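Asks: Sequence:
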Amino acid sequence: MSVFYILIPLVPLVASITIALAGRWLGEASGKVGIYAISISFGLSVAAFVELVLWKEPLFIPLYEFLRSGSLVVDLGLYIDQLTVLLLLLVTGVSFVVHVYSSRYMIGDARYSRFFAVMAFFTFGMVTLVMSSNLLMMFMCWEIMGICSYLLISHQADRKAACNAATKVFLVNALADVGLLFGIILTFATFETLDIRQILDQAPSMSGQTINLLGWAGLECQVQAITMITLFLFMGCMGKSAQVPFHVWLPNAMEAPTPVSALIHAATMVNAGPFLLVRFSTFFMLSPVAMTVIAIIGGTTALFAAVVSLTQTDIKKILAYSTISQIGFMIMTCGLGAFAVAIFHMLAHGCLKGFLFLSTGNQLKSAANHEHNESASGRSRPSWLLYFGALILACAPPFLIFSGPYESLWTVHNSTTARIAFWVIGLLTVFFTAMYLFRGVTSLFQRSSSAVVQPRFFSPSHLLGVSVGAMGLIGLLLVLWRWFVPFLTPALGNPYPPVAGVWQPTSLFALLVFPLLAAFAGWALACMLYSNPKPSFVARSNWAKTMYVLFLNKFYFDEIYNIFIVRPTIRFARWLWREIDVLAINRLIHGIATNSALFARWLWQVVDVRGIDRAVVESGHQSVGLARWLWEVIDVRRIEKNAERIGRAADATGHKLQDVEPRTLQDHLVVLILWLVMATVFFYWIVL
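In the working numbering, the protein residues as written are 1 to 688.
What the hints contain is simulated information worked out from the structure, not anything from laboratory work. All values derive from a computational prediction rather than experimental measurement. Note that the Cβ used here is the ideal one computed from N, Cα and C, for glycine as well. There's no promise every hint is true.
[To be verified] Straight-line distance between alpha carbons at most 30 Å, and here's what the computed DSS-like set of lysine-lysine pairs gives:
(1) Lys545 / Lys317
(2) Lys317 / Lys160
(3) Lys160 / Lys545
(4) Lys316 / Lys160
(5) Lys545 / Lys316
[Said to hold, decoys possible] Label-pair ranges, simulated between beta-carbon atoms:
(6) Glu143 / Ile17: 16 to 26 Å
(7) Asn494 / Glu28: 50 to 60 Å
(8) Lys56 / Thr313: 24 to 34 Å
(9) Gly70 / Val289: 27 to 37 Å
(10) Asn595 / Arg628: 40 to 50 Å
Construct the entire structure; sequences and hints are all you get.
Replies: In structure tokens form, the structure reads like this:
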């Protein structure tokens, strides 16, 4: 059965090639070809997931030897473990939904077939990436996704904004991929192999190896090889996952059609970074420096993108910065050692973000209708019962977040930093969730004088529905978390050894009082901010307005890049064109052409006219004179008489030879007979 799993990446590749070659004849049937191909891959992914759940043994499918050069041997193969099947379900599932959505969304597009060919190839790249068994194969798929993203974002090539956005995406990712390539080269130089399983097995024994970072300059700067490798690999992750400062490409990717945005943000490309970190979790955990850098950059990105998304007005830009923030949170959890949280968050975020992108149109229409109804009818202040109901809902997340199964997602690696971060992030989440719930409940269920239906939040039907739904969701999540951690743990790195003396809050006071106090604090702050009709001091202060402008302009990252990188690069390119190309190369070519013309004219005048032509004419004159001298000096009649005399002598000699020939033959026969007789006598004597 495992051999059939080769079809998971192969079927999308075949579909892409088929659509690319026969798209003109397939027409709108190209979408169906892509849908059927992705559905087959999704079905096989489900089968692989079931097999791993039952047997819990990773699968390795060797393909063929791709490269052999000295000690470098690259064997292409597919590796399927618990991490791989979870990503396969996400990638193929979301891609299938996006293909179905695109089959209707892209109708009438002039490049309908090309779109589905690139989409299928994009899915093939991500699927093969998560199934790769060696770094070279992973890097090739990494670049395939970069090329496909360029083609998809520039799908509407008649729009200049789309072309500029595609170029920006390609250049930023290419710059970050240089770091990934250096990391792969350094990995081979250190481990002498590109096989991922062998690298992870050898990593603990190579933790003390160092390299001289400045050896080419004759200086000594010893750095741990694993630290350098992990930092270079993480540089590639920063580009693909849009981490600061490589985040500027993702908002520009919104120039692509909506299905492309859903596929990039939910299932492919941005998830490649966290996947690479989790795949090499054993490797990264050996370098505290790299883990610290990863956690800092991930946390910075999550916080930066979150505050920027609050000030954006374009819904696709809001979703883009929301994606950057969520991916930054995943990167931060990887840096803290909570790799299981990163994968669970990735799966949940992929499903939610895919739904949000594909339903953006409906959400905009509903928001417009809601705004129209709200402006047409006045709303009264909510009653105290809604405040009390918001407080009850705000107390539900603490029981869910600080439960044992969810905490095990953070603490499966016994990381002290992950335990501390769990409590800090958990309490902040409870605090801000209480604020959001208060705002949402009071704005949704307040009474409206002209509304046709008056919602009553504390009616028995509402209370029963909310209670049953909340209990069902909590039960489902607890069961899922309790199963998720043991299933994924074999694919993660080895856990840290337990640290003695670390405070682990297991008392009832710590588990309930702290989270409930955070929920009360968030509810109280929201009540103070939203219940007071007068604007707060924060809203009236100049520094708040300044910060708002700063967030609105995204901390001016694009402008800084434009001033310090883009413009100097363009000026340098223009200087090269003007000084090197125009002034130097063009002058050189013009001078060569001019001198060549002068040299050719000199050759024609001196060598051809004066030399060759004169020599030929003079030779002709000399030949005519020699022929005339020969004719005058030598007597032609004397030559004819000598020729007749020689002919008569030759005839006489021939007659004499004819007379001598018979006798000559007779003499030869007599000699031959005598030799035969002597030979016969000799052999007869020997025999006797």
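Asks: Of the hints given before, which are not true for this structure?
Replies: 3, 8
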